[in-house]
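Work the whole structure out from these sequences, hints included.
Which chain is which? The protein sequence lines are A and B, in order.
1 is the number of the first residue of the first sequence in our numbering; add one for each residue after it.
1001 is the number of the first residue of the second sequence in our numbering; add one for each residue after it.
Honestly, the hints are just simulated from the structure, not real lab data.
Treat the hints loosely; a few may be bogus.
[Stated by the list, open to error] Straight line, CA to CA, 16 Å or less: simulated EDC-like cross-link-like pairs of lysine to aspartate or glutamate: (1) B:K1078 to B:E1042; (2) A:K78 to A:E42; (3) B:K1142 to A:E123; (4) A:K142 to A:E113; (5) A:K142 to B:E1123; (6) B:K1078 to B:E1038.
There are 2 protein chains.
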Amino acid sequence: MVPGHSRTPEAQAGATAEAARAHRFSQARAARSTATLEDYTELIAELLATYGEARTADIARRLGVAHPTASKTIARLKREGLAVARPYRGIFLTEAGRAMAERARARHRLVVEVLLALGVPPESAEADAEGIEHYVSEETLKAFERFVRQQKSG
Amino acid sequence: MVPGHSRTPEAQAGATAEAARAHRFSQARAARSTATLEDYTELIAELLATYGEARTADIARRLGVAHPTASKTIARLKREGLAVARPYRGIFLTEAGRAMAERARARHRLVVEVLLALGVPPESAEADAEGIEHYVSEETLKAFERFVRQQKSG
DNA sequence: TGCATTTTGTAGCTGTGGCTATATAATTCG
DNA sequence: CGAATTATATAGCCACAGCTACAAAATGCA
Ligand SMILES: [Mn+2]
Ligand SMILES: [Mn+2]
Ligand SMILES: [Mn+2]
Ligand SMILES: [Mn+2]
Chain A
1 MVPGHSRTPE
11 AQAGATAEAA
21 RAHRFSQARA
31 ARSTATLEDY
41 TELIAELLAT
51 YGEARTADIA
61 RRLGVAHPTA
71 SKTIARLKRE
81 GLAVARPYRG
91 IFLTEAGRAM
101 AERARARHRL
111 VVEVLLALGV
121 PPESAEADAE
131 GIEHYVSEET
141 LKAFERFVRQ
151 QKSG
Chain B
1001 MVPGHSRTPE
1011 AQAGATAEAA
1021 RAHRFSQARA
1031 ARSTATLEDY
1041 TELIAELLAT
1051 YGEARTADIA
1061 RRLGVAHPTA
1071 SKTIARLKRE
1081 GLAVARPYRG
1091 IFLTEAGRAM
1101 AERARARHRL
1111 VVEVLLALGV
1121 PPESAEADAE
1131 GIEHYVSEET
1141 LKAFERFVRQ
1151 QKSG
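Set out below in structure tokens:
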């Protein structure tokens, strides 16, 4: 059998490392569960800033999903206190929604910048950032900022 | 209203950019849908290499999920031709499963390396890599390889 | 060998996030 | 103003991924 229930010192250490890894998987699952919300708030904020309104149909088209899919996710945004809807006037963000959008936007931009600085082709940088951004912790974000800043000065 | 159906040249360009972004979101969704399979094959390969066997219960414990959850995902692995089970003898990978595991492992290691090279604290690097790895394209992988190689030489 | 333990499987629930088809409501324009 | 268009909502389907509770089967040791 595989370690996990014995009591030797080595097995103890193994169990600790194992729990640490399980915790990393849990964290990644938690991040995955908010990824959609981040993409929506980020996009809605952008539409509001650019056009003054964010309609469900536009959101759906830009995300490349059918409008009932967007509609259902927007229902989740409302339920979680991130957005409100004014019927036939579009979607608006709450304070919490704007905060999430702002963090998402900053993260997204920085991830693209770092990828570009690492020599990733622009198309790939844009594409990969769309997924990567949701898994970047505060510490990693800080390191990215330092790297980009230093890159520019050097 | 927001652009999307008019016919002016600017609207045309806008529609193209919009479709490109929708495509990026689609790609990220596709990557998300294989993330779980990559984690499982990677872990199973590691357990097989280390202990000679990969039992459902061990997989579940290491991922931090309940065993029925692991059981169901392993059923998906089998259905998709990535793994086979020998009852009460554990899970084994097919050729396709080993290929996926190998790519996942290489990607995972390289993402951690790059994060460390960028000055991300080890704990965060390990944690964030668990999510980031699934969204790194071939082109980005190549850029990461060049960066790490150059980093070591310089 | 037989029984306790371990391992696996299954049933049934939830939430998320996709889809199509259909219905309804609001807006806009002739 | 009324009709066509556009926008939104809803119903009902699917797959994935999580959970608990319970059942059954295999293993392995006393
Ligand atoms: Mn984004
Ligand atoms: Mn994204
Ligand atoms: Mn991994
Ligand atoms: Mn992972």
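### Task
May I ask which of the numbered hints given earlier this structure violates, with the numbers listed in increasing order?
none
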